[in-house]
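The listed protein sequences correspond, in order, to chains W and F.
For reference, each letter of the first sequence is one residue, going 24 to 232 in this note's numbering.
For reference, each letter of the second sequence is one residue, going 24 to 232 in this note's numbering.
Calculated from the structure, these hints are not laboratory results.
Misleading hints may appear alongside valid ones.
Treat identical chains as interchangeable: a pair holds within one or across any two.
[Said to hold, decoys possible] Only pairs whose alpha carbons sit at most 20 angstroms apart, straight line, appear in this in silico SDA-like list of lysine to any residue: (1) K66 - P153; (2) K69 - I152; (3) K44 - S78; (4) K66 - V212; (5) K48 - S178; (6) K81 - Y124; (7) K183 - I140; (8) K143 - N123; (9) K83 - G131; (10) K66 - E213; (11) K227 - P92; (12) K91 - R71.
Protein chains: 2
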Amino acid sequence: MLPNVSKRQLERFPLYLNYLKQIKKEGEVYISSSTLAKALGLKEEKVRKDLQAVSRIKGKPHLGREIKPLIKDFESFLGYSDINNAIIVGVGHLGEAFLNYAGFSNRGLNIVAGFDIDDKKVGYNVNKIPIYHIDRLNDLINFLDVSIAILTVPSQVAQKMSDILVRAGIKGIWNFAPTHLRVSGDVVVENVDLAASLAVLSYKLETKF
Amino acid sequence: MLPNVSKRQLERFPLYLNYLKQIKKEGEVYISSSTLAKALGLKEEKVRKDLQAVSRIKGKPHLGREIKPLIKDFESFLGYSDINNAIIVGVGHLGEAFLNYAGFSNRGLNIVAGFDIDDKKVGYNVNKIPIYHIDRLNDLINFLDVSIAILTVPSQVAQKMSDILVRAGIKGIWNFAPTHLRVSGDVVVENVDLAASLAVLSYKLETKF
Chain W
24 MLPNVSKRQL ERFPLYLNYL KQIKKEGEVY ISSSTLAKAL GLKEEKVRKD
74 LQAVSRIKGK PHLGREIKPL IKDFESFLGY SDINNAIIVG VGHLGEAFLN
124 YAGFSNRGLN IVAGFDIDDK KVGYNVNKIP IYHIDRLNDL INFLDVSIAI
174 LTVPSQVAQK MSDILVRAGI KGIWNFAPTH LRVSGDVVVE NVDLAASLAV
224 LSYKLETKF
Chain F
24 MLPNVSKRQL ERFPLYLNYL KQIKKEGEVY ISSSTLAKAL GLKEEKVRKD
74 LQAVSRIKGK PHLGREIKPL IKDFESFLGY SDINNAIIVG VGHLGEAFLN
124 YAGFSNRGLN IVAGFDIDDK KVGYNVNKIP IYHIDRLNDL INFLDVSIAI
174 LTVPSQVAQK MSDILVRAGI KGIWNFAPTH LRVSGDVVVE NVDLAASLAV
224 LSYKLETKF
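Isolated chain W (complex conformation):
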């Protein structure tokens, strides 16, 4: 059973994992929460809590925790060994980049198909992954055994596509359209709003806040 962690905690886990892998490669064997905190610019108290939530490994005095099993604990918590099949809906520039990106499979996400309405894309492969017409979604979704859709369509059609996906049985939507999606209760939406992030960057640059 998964222990209870907050969204903010969870968002830090890939950062830890990434850093731990890096220093393991560099030959480190142990890490203390204070070293980890300093390296990642986080408060030590926070790091200690995060590590306790993920791992039962106890640290040794003056050394800290062993890195190798800690990496395993993070990977297992993040479910990187449980593979989820996913589809890309909207094969524009971002959708295509994701089809070509190899890193998702290391993170438990296996992209099995793309969907679009553009005849110049439908029927072709990108990175050996087939692109189907969106009209075939309903037929293919069970066959493809998919639970996650990555939504990379323009914002004007995002809600409409989301409705189609939910009707077809999709349980999780990773939404890159800058739109608030209304979905039924048992569907999970996680938003990546690049416009919002860019707004924060610009504002910080203006005000240095």
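Position chain F against the provided structure of chain W, taking the given hints into account.
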């Protein structure tokens, strides 16, 4: 002078703007904070505060605020009419997608060049934007009048690239590498960590939290 808003507030502004533009296109003329709140799944109190932070327009009873000037206020707050030049550092799949993406220019970001180390990319154009070798960064950065770098390199080289960018005078880094960057005090970093977002989605799907 920019009024003080929180990061969370700011992140909502592009969402409002997007929705307001959409309903304006559909022929709407006025919007109340309660309608806006319902449409975007936000609390009305929050929406009211956000609107007050951005706009001096007063709402009319039973109608709400006029949409057209409200859109202008959001755009002006977000600085979408002040253009910042930016470079892409790391022309992999994501970097290339960004070079091809037309939407940044509507949000005040003008991508003027890409930088990479790969001979198969350097010297070519993507979407009419030239790709230079990273060694030329120092020479070109003043000439290009750039303040923002979009960092789309693998995480192992992100810190090294970030150091080079900061030394060259970059003031803001939009970081897509899942790495915590250490930068000097006057440099602003905004992170988009796709691995973190994916972790949240997977965890929500497992636990329905």
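How the hints compare with the structure:
| no. | hint | in the structure |
| --- | --- | --- |
| 1 | K66 - P153 | neither (45 angstroms within a copy, 41 angstroms between copies) |
| 2 | K69 - I152 | neither (41 angstroms within a copy, 43 angstroms between copies) |
| 3 | K44 - S78 | within (16 angstroms within a copy, 47 angstroms between copies) |
| 4 | K66 - V212 | between (29 angstroms within a copy, 18 angstroms between copies) |
| 5 | K48 - S178 | between (41 angstroms within a copy, 13 angstroms between copies) |
| 6 | K81 - Y124 | neither (36 angstroms within a copy, 47 angstroms between copies) |
| 7 | K183 - I140 | within (13 angstroms within a copy, 41 angstroms between copies) |
| 8 | K143 - N123 | both (18 angstroms within a copy, 17 angstroms between copies) |
| 9 | K83 - G131 | neither (31 angstroms within a copy, 51 angstroms between copies) |
| 10 | K66 - E213 | between (26 angstroms within a copy, 19 angstroms between copies) |
| 11 | K227 - P92 | neither (39 angstroms within a copy, 25 angstroms between copies) |
| 12 | K91 - R71 | within (17 angstroms within a copy, 50 angstroms between copies) |
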